[in-house]
Amino acid sequence: MRVALFVTCLVDGVVPDVAKATVRLLRRLGVDVEVPLAQTCCGQMHINTGYAGQALPLVQQHADAFRGFDAVVTPSGSCAGSVRHQHPALAARSGQAGLQRQVEDLASRTYELSEFLVDVLGVTDVGAYYPHKVTFHPTCHSLRVLRVGDRPLRLLRAVQGLELVELPDAEVCCGFGGTFAVKNPDVSAAMLSDKLRHVLSTDAEICSAGDSSCLLHIGGGLSRTRAGVRTVHLAEILASEPVPA
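Under the working numbering, the first residue of the sequence shown is numbered -17, with each subsequent residue one higher.
FYI, nobody ran anything at the bench for these hints, they're computed from the structure. It cannot be assumed that every hint is accurate.
If you anchor each label on the Cβ, the simulated ranges turn out as follows [stated by the list, open to error]:
id : residue 1 : residue 2 : range
1  : K2        : P224      : 17 to 27 Å
2  : E187      : G(-5)     : 20 to 30 Å
3  : A74       : E187      : 41 to 51 Å
4  : V17       : D107      : 17 to 27 Å
5  : V225      : R83       : 41 to 51 Å
6  : S76       : D176      : 16 to 26 Å
7  : R83       : P113      : 44 to 54 Å
8  : S175      : E16       : 37 to 47 Å
9  : R212      : P150      : 43 to 53 Å
Predicted model only: the values in this text are computed from it and were never measured. Glycine included, every Cβ here is placed at the ideal spot set by N, Cα and C.
The task is simple: from the sequences and hints, build the whole structure.
This is how it looks when you write it as C-alpha coordinates:
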(Lines of atoms letter the chains of each structure in order from A and count residues from 1; the text may use other names and numbers.)
(Lines give C-alpha, C1' and ligand atoms only; values in the text may rest on other atoms or scores of the structure.)
Protein backbone atom coordinates (compact mmCIF):
# COMPACT_ATOMS: atom_id res chain seq x y z
CA MET A 1 0.00 0.00 0.00
CA ARG A 2 1.40 3.38 -1.02
CA VAL A 3 0.77 5.88 1.77
CA ALA A 4 1.41 9.62 1.64
CA LEU A 5 1.66 12.12 4.47
CA PHE A 6 -0.37 15.30 4.02
CA VAL A 7 1.73 17.54 6.26
CA THR A 8 -0.54 20.67 6.18
CA CYS A 9 0.89 24.15 5.90
CA LEU A 10 0.38 24.96 9.58
CA VAL A 11 2.30 21.89 10.72
CA ASP A 12 5.02 22.47 8.14
CA GLY A 13 5.50 26.12 9.02
CA VAL A 14 4.85 26.23 12.77
CA VAL A 15 5.03 22.78 14.41
CA PRO A 16 7.07 20.48 12.11
CA ASP A 17 7.74 18.07 14.98
CA VAL A 18 4.13 16.90 14.61
CA ALA A 19 4.85 15.75 11.04
CA LYS A 20 8.10 14.10 12.12
CA ALA A 21 6.28 12.28 14.91
CA THR A 22 3.64 11.06 12.46
CA VAL A 23 6.31 9.65 10.15
CA ARG A 24 8.13 7.94 13.06
CA LEU A 25 4.89 6.43 14.29
CA LEU A 26 3.77 5.11 10.92
CA ARG A 27 7.20 3.69 10.08
CA ARG A 28 7.32 1.96 13.48
CA LEU A 29 4.05 0.31 12.50
CA GLY A 30 5.52 -0.88 9.21
CA VAL A 31 4.10 1.83 6.95
CA ASP A 32 6.68 3.24 4.52
CA VAL A 33 5.03 6.64 4.33
CA GLU A 34 6.06 9.09 1.60
CA VAL A 35 5.97 12.90 1.73
CA PRO A 36 5.10 14.37 -1.70
CA LEU A 37 7.07 17.58 -2.13
CA ALA A 38 4.48 19.06 -4.51
CA GLN A 39 1.93 19.51 -1.71
CA THR A 40 1.05 23.05 -0.64
CA CYS A 41 -1.85 24.61 1.29
CA CYS A 42 -5.07 22.70 0.68
CA GLY A 43 -7.01 25.97 0.44
CA GLN A 44 -9.13 25.53 3.56
CA MET A 45 -8.48 29.06 4.81
CA HIS A 46 -9.48 30.51 1.45
CA ILE A 47 -12.67 28.48 1.33
CA ASN A 48 -13.59 29.36 4.91
CA THR A 49 -13.19 33.06 4.21
CA GLY A 50 -15.20 33.06 1.00
CA TYR A 51 -12.39 33.09 -1.58
CA ALA A 52 -13.60 30.10 -3.60
CA GLY A 53 -12.00 31.30 -6.82
CA GLN A 54 -8.59 31.58 -5.22
CA ALA A 55 -9.01 28.21 -3.50
CA LEU A 56 -9.79 26.26 -6.68
CA PRO A 57 -6.18 26.16 -8.02
CA LEU A 58 -5.03 24.97 -4.58
CA VAL A 59 -7.63 22.20 -4.64
CA GLN A 60 -6.36 21.14 -8.09
CA GLN A 61 -2.74 21.27 -6.88
CA HIS A 62 -3.61 19.14 -3.87
CA ALA A 63 -5.36 16.53 -5.98
CA ASP A 64 -2.41 16.37 -8.37
CA ALA A 65 0.15 16.12 -5.56
CA PHE A 66 -1.52 13.05 -4.04
CA ARG A 67 -2.45 11.27 -7.27
CA GLY A 68 -1.55 7.58 -7.27
CA PHE A 69 -1.45 6.93 -3.53
CA ASP A 70 -3.61 4.28 -1.94
CA ALA A 71 -4.07 6.32 1.23
CA VAL A 72 -3.30 9.84 2.41
CA VAL A 73 -2.95 10.41 6.14
CA THR A 74 -2.78 13.73 7.96
CA PRO A 75 -2.35 14.77 11.62
CA SER A 76 -5.18 17.27 11.23
CA GLY A 77 -8.91 16.73 11.51
CA SER A 78 -9.44 20.21 10.13
CA CYS A 79 -7.52 19.68 6.89
CA ALA A 80 -8.81 16.13 6.45
CA GLY A 81 -12.31 17.54 6.79
CA SER A 82 -11.60 20.14 4.14
CA VAL A 83 -10.33 17.55 1.65
CA ARG A 84 -13.23 15.19 2.32
CA HIS A 85 -16.06 17.71 2.31
CA GLN A 86 -15.08 21.18 1.08
CA HIS A 87 -13.01 20.06 -1.92
CA PRO A 88 -15.75 17.94 -3.54
CA ALA A 89 -18.36 20.65 -2.91
CA LEU A 90 -16.14 23.34 -4.43
CA ALA A 91 -15.23 21.18 -7.43
CA ALA A 92 -18.90 20.41 -8.04
CA ARG A 93 -19.77 24.12 -8.06
CA SER A 94 -16.92 24.83 -10.46
CA GLY A 95 -18.52 22.72 -13.18
CA GLN A 96 -15.21 20.94 -13.85
CA ALA A 97 -16.27 17.31 -14.09
CA GLY A 98 -12.71 16.00 -14.28
CA LEU A 99 -11.66 17.84 -11.14
CA GLN A 100 -14.80 16.71 -9.35
CA ARG A 101 -14.03 13.05 -10.08
CA GLN A 102 -10.42 13.54 -9.02
CA VAL A 103 -11.17 15.18 -5.67
CA GLU A 104 -13.99 12.78 -4.83
CA ASP A 105 -11.62 9.88 -5.41
CA LEU A 106 -8.95 11.51 -3.23
CA ALA A 107 -11.50 12.29 -0.52
CA SER A 108 -12.30 8.58 -0.22
CA ARG A 109 -8.60 7.85 0.38
CA THR A 110 -7.86 10.64 2.88
CA TYR A 111 -7.72 9.88 6.61
CA GLU A 112 -7.14 11.78 9.82
CA LEU A 113 -4.38 10.03 11.80
CA SER A 114 -6.56 8.25 14.37
CA GLU A 115 -8.90 7.03 11.60
CA PHE A 116 -5.97 5.61 9.67
CA LEU A 117 -4.52 3.83 12.68
CA VAL A 118 -7.78 2.32 13.91
CA ASP A 119 -9.73 1.76 10.68
CA VAL A 120 -7.02 1.08 8.09
CA LEU A 121 -4.18 -0.47 10.11
CA GLY A 122 -6.56 -2.00 12.65
CA VAL A 123 -4.49 -1.08 15.71
CA THR A 124 -5.15 0.76 18.95
CA ASP A 125 -1.99 -0.22 20.84
CA VAL A 126 0.79 1.41 18.84
CA GLY A 127 3.53 0.52 21.31
CA ALA A 128 3.79 3.98 22.84
CA TYR A 129 5.04 4.87 26.33
CA TYR A 130 4.10 8.22 27.84
CA PRO A 131 4.14 8.43 31.67
CA HIS A 132 2.00 11.54 32.09
CA LYS A 133 -1.50 12.58 33.14
CA VAL A 134 -3.29 13.62 29.94
CA THR A 135 -6.64 15.14 29.04
CA PHE A 136 -7.94 15.22 25.48
CA HIS A 137 -9.77 17.97 23.59
CA PRO A 138 -11.77 16.58 20.61
CA THR A 139 -11.52 19.31 17.99
CA CYS A 140 -14.62 20.51 16.17
CA HIS A 141 -13.72 19.31 12.69
CA SER A 142 -12.65 15.85 13.84
CA LEU A 143 -15.70 15.53 16.05
CA ARG A 144 -18.43 17.05 13.88
CA VAL A 145 -17.16 16.84 10.30
CA LEU A 146 -15.15 13.61 10.32
CA ARG A 147 -16.98 11.99 13.25
CA VAL A 148 -13.85 10.23 14.50
CA GLY A 149 -15.69 9.40 17.72
CA ASP A 150 -13.65 7.72 20.41
CA ARG A 151 -10.80 6.59 18.15
CA PRO A 152 -8.26 9.02 19.69
CA LEU A 153 -9.33 8.01 23.19
CA ARG A 154 -8.95 4.32 22.38
CA LEU A 155 -5.43 4.99 21.18
CA LEU A 156 -4.55 7.01 24.27
CA ARG A 157 -5.98 4.41 26.66
CA ALA A 158 -3.59 1.84 25.18
CA VAL A 159 -0.48 3.98 25.78
CA GLN A 160 1.69 2.49 28.49
CA GLY A 161 2.14 4.74 31.54
CA LEU A 162 -0.45 7.28 30.42
CA GLU A 163 -3.26 8.32 32.78
CA LEU A 164 -6.18 9.65 30.72
CA VAL A 165 -8.55 12.00 32.55
CA GLU A 166 -11.89 13.15 31.18
CA LEU A 167 -12.15 16.79 30.08
CA PRO A 168 -15.37 18.48 31.27
CA ASP A 169 -17.49 19.84 28.40
CA ALA A 170 -14.95 18.31 26.06
CA GLU A 171 -17.15 18.69 22.98
CA VAL A 172 -17.41 22.49 23.34
CA CYS A 173 -15.30 24.49 20.86
CA CYS A 174 -12.07 26.02 22.18
CA GLY A 175 -12.80 29.26 20.31
CA PHE A 176 -10.13 29.03 17.62
CA GLY A 177 -12.19 28.14 14.56
CA GLY A 178 -9.53 29.24 12.07
CA THR A 179 -10.28 32.78 10.95
CA PHE A 180 -13.09 32.95 13.52
CA ALA A 181 -10.51 33.81 16.19
CA VAL A 182 -9.30 36.71 14.05
CA LYS A 183 -12.72 38.04 13.08
CA ASN A 184 -14.32 37.59 16.51
CA PRO A 185 -11.47 37.94 19.01
CA ASP A 186 -13.60 38.79 22.04
CA VAL A 187 -15.94 35.84 21.59
CA SER A 188 -12.95 33.59 20.84
CA ALA A 189 -11.18 34.71 24.01
CA ALA A 190 -14.27 34.05 26.12
CA MET A 191 -14.62 30.54 24.68
CA LEU A 192 -10.94 29.91 25.29
CA SER A 193 -11.30 31.03 28.90
CA ASP A 194 -13.99 28.38 29.47
CA LYS A 195 -11.83 25.70 27.83
CA LEU A 196 -8.81 26.63 29.96
CA ARG A 197 -10.88 26.46 33.13
CA HIS A 198 -11.98 22.93 32.25
CA VAL A 199 -8.47 21.82 31.30
CA LEU A 200 -7.04 23.12 34.57
CA SER A 201 -9.82 21.44 36.58
CA THR A 202 -8.51 18.01 35.48
CA ASP A 203 -5.07 18.53 37.09
CA ALA A 204 -3.60 17.06 33.91
CA GLU A 205 -0.01 17.72 32.95
CA ILE A 206 -0.82 17.61 29.25
CA CYS A 207 -3.72 18.71 27.07
CA SER A 208 -3.70 16.80 23.79
CA ALA A 209 -5.71 17.08 20.57
CA GLY A 210 -5.58 16.01 16.94
CA ASP A 211 -5.29 19.53 15.47
CA SER A 212 -2.25 21.76 15.89
CA SER A 213 -4.30 24.91 15.32
CA CYS A 214 -6.47 24.27 18.38
CA LEU A 215 -3.43 23.28 20.41
CA LEU A 216 -1.69 26.55 19.53
CA HIS A 217 -4.78 28.45 20.68
CA ILE A 218 -5.16 26.48 23.91
CA GLY A 219 -1.41 26.39 24.50
CA GLY A 220 -1.14 30.15 24.24
CA GLY A 221 -3.83 30.53 26.86
CA LEU A 222 -2.26 27.93 29.15
CA SER A 223 1.14 29.59 28.96
CA ARG A 224 -0.40 32.82 30.21
CA THR A 225 -1.86 31.03 33.24
CA ARG A 226 1.63 29.88 34.27
CA ALA A 227 0.02 26.68 35.56
CA GLY A 228 2.65 24.46 33.96
CA VAL A 229 0.19 22.57 31.73
CA ARG A 230 1.51 21.85 28.24
CA THR A 231 -0.14 20.99 24.93
CA VAL A 232 1.09 17.96 22.97
CA HIS A 233 -0.32 16.68 19.69
CA LEU A 234 -1.80 13.18 19.64
CA ALA A 235 0.82 12.10 17.08
CA GLU A 236 3.68 13.08 19.40
CA ILE A 237 2.24 11.05 22.28
CA LEU A 238 1.65 8.01 20.09
CA ALA A 239 5.16 8.25 18.62
CA SER A 240 6.81 8.31 22.07
CA GLU A 241 8.78 5.29 23.24
CA PRO A 242 10.48 4.22 26.48
CA VAL A 243 13.92 5.73 26.98
CA PRO A 244 16.53 2.93 26.75
CA ALA A 245 18.13 2.12 30.11
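To see whether the hints hold, each was checked on the structure:
K2 and P224 have their C-beta atoms about 19 Å apart, which keeps the hinted 17 to 27 Å range intact. For the hinted restraint 20 to 30 Å between E187 and G(-5), the CB-CB distance of approximately 27 Å keeps it satisfied. In this structure the supplied range 41 to 51 Å holds for A74 paired with E187, their Cβ-Cβ distance being about 45 Å. Between V17 and D107, the C-beta spacing of about 26 Å keeps the proposed range 17 to 27 Å intact.
One distance hint, 41 to 51 Å for the beta-carbon pair V225 and R83, holds here, with the actual separation near 49 Å. The supplied range of 16 to 26 Å is broken by S76 and D176, whose beta-carbon atoms lie about 39 Å from each other. For the pair R83 and P113, the beta carbons lie near 48 Å from each other, so the given range of 44 to 54 Å is met. Between S175 and E16 the beta carbons are some 42 Å apart, a value that agrees with the proposed interval 37 to 47 Å.
At about 19 Å, the CB distance of R212 to P150 disagrees with the hint of 43 to 53 Å.
Checked against the numbered hints above, the structure breaks hints 6 and 9 and satisfies the rest.
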